[in-house]
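Chain A is fixed; fit chain B onto it per the hints.
There are 2 protein chains.
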Amino acid sequence: MNHPYAFSDALRRPLPDAMIAALRARFGERFSTAQAVRDHHGRDESPFPAIPPDAVVYAHSTEEVAEVVRLCAQDKVPLIPFGVGSSLEGHLLAVQGGVSIDLSQMNKVLAVNAEDLTVTVQAGVTRKQLNEELKSTGLFFPIDPGADASLGGMSATRASGTNAVRYGTMKENVLGLTVVTADGKVIRTATRAKKSSAGYDLTRLFIGSEGTLGVITEVTVKLYPVPEAVSAAVVNFPTMADAVDTVIQTIQLGVPVARSEFLCDQTIRAINAHSKTTLREAPTLFFEFHGTESSVKEQAELVQQLAREHGGQDFEWASRPEDRTRLWNARHNAYFACLQMRPGCRAISTDTCVPISRLADSISGARRILDTAKFPTMLLGHVGDGNFHAVLLIDPDDAQEAEEAERLNDEIVRLAQSMDGTCTGEHGVGLHKIGFLEEEAGADAIDLMRRIKRALDPDNILNPGKIFRLD
Amino acid sequence: MNHPYAFSDALRRPLPDAMIAALRARFGERFSTAQAVRDHHGRDESPFPAIPPDAVVYAHSTEEVAEVVRLCAQDKVPLIPFGVGSSLEGHLLAVQGGVSIDLSQMNKVLAVNAEDLTVTVQAGVTRKQLNEELKSTGLFFPIDPGADASLGGMSATRASGTNAVRYGTMKENVLGLTVVTADGKVIRTATRAKKSSAGYDLTRLFIGSEGTLGVITEVTVKLYPVPEAVSAAVVNFPTMADAVDTVIQTIQLGVPVARSEFLCDQTIRAINAHSKTTLREAPTLFFEFHGTESSVKEQAELVQQLAREHGGQDFEWASRPEDRTRLWNARHNAYFACLQMRPGCRAISTDTCVPISRLADSISGARRILDTAKFPTMLLGHVGDGNFHAVLLIDPDDAQEAEEAERLNDEIVRLAQSMDGTCTGEHGVGLHKIGFLEEEAGADAIDLMRRIKRALDPDNILNPGKIFRLD
Numbered sequence: 001m002n003h004p005y006a007f008s009d010a011l012r013r014p015l016p017d018a019m020i021a022a023l024r025a026r027f028g029e030r031f032s033t034a035q036a037v038r039d040h041h042g043r044d045e046s047p048f049p050a051i052p053p054d055a056v057v058y059a060h061s062t063e064e065v066a067e068v069v070r071l072c073a074q075d076k077v078p079l080i081p082f083g084v085g086s087s088l089e090g091h092l093l094a095v096q097g098g099v100s101i102d103l104s105q106m107n108k109v110l111a112v113n114a115e116d117l118t119v120t121v122q123a124g125v126t127r128k129q130l131n132e133e134l135k136s137t138g139l140f141f142p143i144d145p146g147a148d149a150s151l152g153g154m155s156a157t158r159a160s161g162t163n164a165v166r167y168g169t170m171k172e173n174v175l176g177l178t179v180v181t182a183d184g185k186v187i188r189t190a191t192r193a194k195k196s197s198a199g200y201d202l203t204r205l206f207i208g209s210e211g212t213l214g215v216i217t218e219v220t221v222k223l224y225p226v227p228e229a230v231s232a233a234v235v236n237f238p239t240m241a242d243a244v245d246t247v248i249q250t251i252q253l254g255v256p257v258a259r260s261e262f263l264c265d266q267t268i269r270a271i272n273a274h275s276k277t278t279l280r281e282a283p284t285l286f287f288e289f290h291g292t293e294s295s296v297k298e299q300a301e302l303v304q305q306l307a308r309e310h311g312g313q314d315f316e317w318a319s320r321p322e323d324r325t326r327l328w329n330a331r332h333n334a335y336f337a338c339l340q341m342r343p344g345c346r347a348i349s350t351d352t353c354v355p356i357s358r359l360a361d362s363i364s365g366a367r368r369i370l371d372t373a374k375f376p377t378m379l380l381g382h383v384g385d386g387n388f389h390a391v392l393l394i395d396p397d398d399a400q401e402a403e404e405a406e407r408l409n410d411e412i413v414r415l416a417q418s419m420d421g422t423c424t425g426e427h428g429v430g431l432h433k434i435g436f437l438e439e440e441a442g443a444d445a446i447d448l449m450r451r452i453k454r455a456l457d458p459d460n461i462l463n464p465g466k467i468f469r470l471d
Numbered sequence: 001m002n003h004p005y006a007f008s009d010a011l012r013r014p015l016p017d018a019m020i021a022a023l024r025a026r027f028g029e030r031f032s033t034a035q036a037v038r039d040h041h042g043r044d045e046s047p048f049p050a051i052p053p054d055a056v057v058y059a060h061s062t063e064e065v066a067e068v069v070r071l072c073a074q075d076k077v078p079l080i081p082f083g084v085g086s087s088l089e090g091h092l093l094a095v096q097g098g099v100s101i102d103l104s105q106m107n108k109v110l111a112v113n114a115e116d117l118t119v120t121v122q123a124g125v126t127r128k129q130l131n132e133e134l135k136s137t138g139l140f141f142p143i144d145p146g147a148d149a150s151l152g153g154m155s156a157t158r159a160s161g162t163n164a165v166r167y168g169t170m171k172e173n174v175l176g177l178t179v180v181t182a183d184g185k186v187i188r189t190a191t192r193a194k195k196s197s198a199g200y201d202l203t204r205l206f207i208g209s210e211g212t213l214g215v216i217t218e219v220t221v222k223l224y225p226v227p228e229a230v231s232a233a234v235v236n237f238p239t240m241a242d243a244v245d246t247v248i249q250t251i252q253l254g255v256p257v258a259r260s261e262f263l264c265d266q267t268i269r270a271i272n273a274h275s276k277t278t279l280r281e282a283p284t285l286f287f288e289f290h291g292t293e294s295s296v297k298e299q300a301e302l303v304q305q306l307a308r309e310h311g312g313q314d315f316e317w318a319s320r321p322e323d324r325t326r327l328w329n330a331r332h333n334a335y336f337a338c339l340q341m342r343p344g345c346r347a348i349s350t351d352t353c354v355p356i357s358r359l360a361d362s363i364s365g366a367r368r369i370l371d372t373a374k375f376p377t378m379l380l381g382h383v384g385d386g387n388f389h390a391v392l393l394i395d396p397d398d399a400q401e402a403e404e405a406e407r408l409n410d411e412i413v414r415l416a417q418s419m420d421g422t423c424t425g426e427h428g429v430g431l432h433k434i435g436f437l438e439e440e441a442g443a444d445a446i447d448l449m450r451r452i453k454r455a456l457d458p459d460n461i462l463n464p465g466k467i468f469r470l471d
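Protein sequence lines, in the order shown, are assigned to chains A and B.
The opening residue of the first sequence carries number 1 in the numbering used here; numbering runs sequentially from there.
The opening residue of the second sequence carries number 1 in the numbering used here; numbering runs sequentially from there.
Think of the hints as simulated: they come from the structure by calculation, not from any bench.
Note that this is a predicted model, so its numbers are computed, not measured.
Possibly wrong hints are sitting among the right ones.
Unchecked claim - On the chain A side, residues computed to face chain B include the following (Cβ under 10 Å):
1) E228
2) D351
3) H427
4) M449
5) K453
To be verified - Derived coverage of chain B by chain A (criterion: at least 3 residues anywhere in the stretch with Cβ under 8 Å from a Cβ of chain A; other residues may be distant):
6) 109-119
7) 161-175
8) 182-193
9) 198-205
10) 252-259
11) 290-299
A virtual CB, placed ideally from N, CA and C, is assigned to each residue, including glycine.
Same shape as in the complex, but just chain A (with noise of 0.2 Å):
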């Protein structure tokens, strides 16, 4: 049996000595091809083994990011953008070899327009970092998916996460990017205005193109004053089906809640074990509502009476600061609590969403699905959206395990699809949707995808083989 996580690196092309000594001669110690650095730059938190890249180049600028750019070009030689290394799919992996160009050390805050309630950043900021260093503005970035990942990866993926029922997703939410093309261009995508109808909009062609259309190396993304009043809250239902159906009418009626997050038992079992907790295992939902005062108490009376006509119990409330940041980096770490629970696991995560109207149908048919498997399995996520995760925890080197989680997550995925719902509602496709996407969006729409990889990245440098087949 093949192991379906073993891709192969047949197309990997060869990087001329000339360009070796070239990047070393420019980078010197920011230049490396040690395993271990090429072996950290070849994965990501998908469950496929690493395919390092030949080199990586730790890239300090825009427009040091344009001079790799350029030597790649020359030689047609792979490039691959890395933040954090944080992504689902398999987008990092070097499947055509070339160079990893780590934009980490590119983490400076540009600029913060308190007034305009903007902020520019180099790609490689995290979102914590940038939260951390906009703490005396009284504003704040919602965009939070689990890990800390990068600005630019976010951008890159259309990332979202738990914030993203209220605020949007990185699609809503960035201005403009500042992009090196395929041919070492540098291009900027969009003015500061809040909004433009000036051409095509180059903005979101990037946001989500994963690499594979332009290197972000820039990110101009929006703002919001840190709301007046802030409370979250925890509550345990009979079943998940009462849950699920607390945010389908919670969404429905129009709560501008800001968060509410689904965990099943088994996940709750998992955070309490990893973040020292003492959650009830039941079906839980953390909420967290946003605004003045009054508003925040009206919307939490709303949610907490239609929580208890689905049995909801045990609301718990956190309004202190200190609580709430407990409760949420329980919620954030929740993906590596999972983990834990089996040692030396490797999890595949699915990531189907869908209308919201279909979510009950979605959630308890994964359920269903997942019943059968041998190996632990969660659901979590970011309900209010129509958007959760199952967690499969599977020991990589066992093919069969590997084979059952594909096939598992195959029938989750198609269900979705067969309630109009997509195959990813923020991790990407990487390497791991390529036959999902294709389904999904079409033969004649993947034509059109394929048409402007062509037409912008005519040798296929950038992040070749990810997101569609090119042949």
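Chain B in isolation, oriented as in the chain A frame:
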């Protein structure tokens, strides 16, 4: 002196007789080459005189659109999608001849998914029609350009309007599109999932592409629950600066106003004349607040306080639905009201949008620039987004006035661009802003747009000559 609105159609391509015969045979009375019909389809609300297409087809379905596109593709004949003809920058002029494909009879609401807060419509459905058909659902669609535009046209120009400050633009509110590509294929750009990371964002690529990349035939948009409480207010200010500063502070404090519109004294005069209102002829803000009873009250009190600090007076409330409707109808008709201040005139409308901190400078700068004008000018706009319009009423037959208007327009745009703003917040580029876009985006970004255009429409049949010069 060449008249600045005299566009050449030297690039006009022939419409083969065989194609005329084929279209007539296929579409019967829904095919026309009558001069009046052609004239109507070769112009918009811009000051440009009509450049008529060679023929007009009224399509009834996506499949019919695809048939027309395939016929045009065969003979490399240009094709221009037409909604209601309310665009403002010469989008519809047939500068290379060809066929206008009128989608106004594709006006069916296809699927109201109330429980998902989405609706799918044919591209010819107008915003007013849609909200009329949604009345019984308790939901509404907020995007409201001045005209009763079609949702296809609004998608194609990335339109917005008075509600954008709270609900976003077409960019944020379209979930997915059905599009006929240049080779007559039909694609659906996305599922109905609220968020997705599934490949390139084709939805956003077509939004704002002004008919140059494909013909939008169906649109799925987000809906919102009609707020529990709505309240509107009108307030006058001693100076324009006072009004604008009130809005800036409202936004910077994060007050979730639904609408915040500025109208100068001249605009109010025009509205009073046109809509039989008796508003005081002074710099004025129209506000609207959406939410629960208590949150609306809270927002209104806060904004009232801010307005008072800036000398706001005569705070008038419109809480009854019929009063609000009268108020917003007056606002939406402001453009047409302005036009009537000078019989026989045509208007140039600027459309700059700047970061909110620069709004006061941008709008007072525009006022100074316009003070030299020899014809009537007005200022109004969606100031909560940093977007406003200067309306310049010129005699369309007077080349000197047109030249002067263009010079003033230039200055206003350049001022906005010097503030990291854009030449167009919501109207689009069309023919009129090709030069501005070039400067704003830069040659390398325009080059990417050109490559995308060539990749998706190699024979340049889709609304050729718009957004950028291709050669």
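Against the structure, the hints come out as follows:
Of the supplied interface hints, the one on E228(A) holds, with its beta-carbon coming within about 9 Å of a beta-carbon of chain B, less than 10 Å. At a threshold of 10 Å, the smallest CB-CB gap from D351(A) to chain B is about 8 Å, leaving the interface hint in force. Interface hint status for H427(A): upheld, as the beta-carbon distance to the closest one in chain B is roughly 6 Å, under 10 Å. At its closest, the beta carbon of M449(A) sits 5 Å from a beta carbon of chain B; the interface hint therefore holds under the 10 Å criterion.
Checking K453(A) against chain B: minimum C-beta separation of about 8 Å stays under 10 Å; hint holds. With a threshold of 8 Å between beta carbons, the proposed coverage of the region 109-119 of chain B by chain A holds, since 5 of its residues qualify and at least three are required. Residue count for the region 161-175 of chain B with a Cβ under 8 Å from a Cβ of chain A: 5. That meets the three needed, and the coverage hint holds. Taking a C-beta to C-beta cut-off of 8 Å, the region 182-193 of chain B contributes 9 residues in contact with chain A, enough for the three needed, and the coverage statement holds.
Given as covered by chain A, the region 198-205 of chain B passes the check, having 7 residues with a CB less than 8 Å from a CB of that chain where 3 are the minimum. Only residues whose beta carbon comes within less than 8 Å of a beta carbon in chain A count, and the region 252-259 of chain B has 3; three or more means the coverage holds. Counting residues of the region 290-299 of chain B whose CB falls under 8 Å from any CB of chain A gives 5; the rule of at least 3 is met.
Checked against the numbered hints above, the structure breaks none of them.
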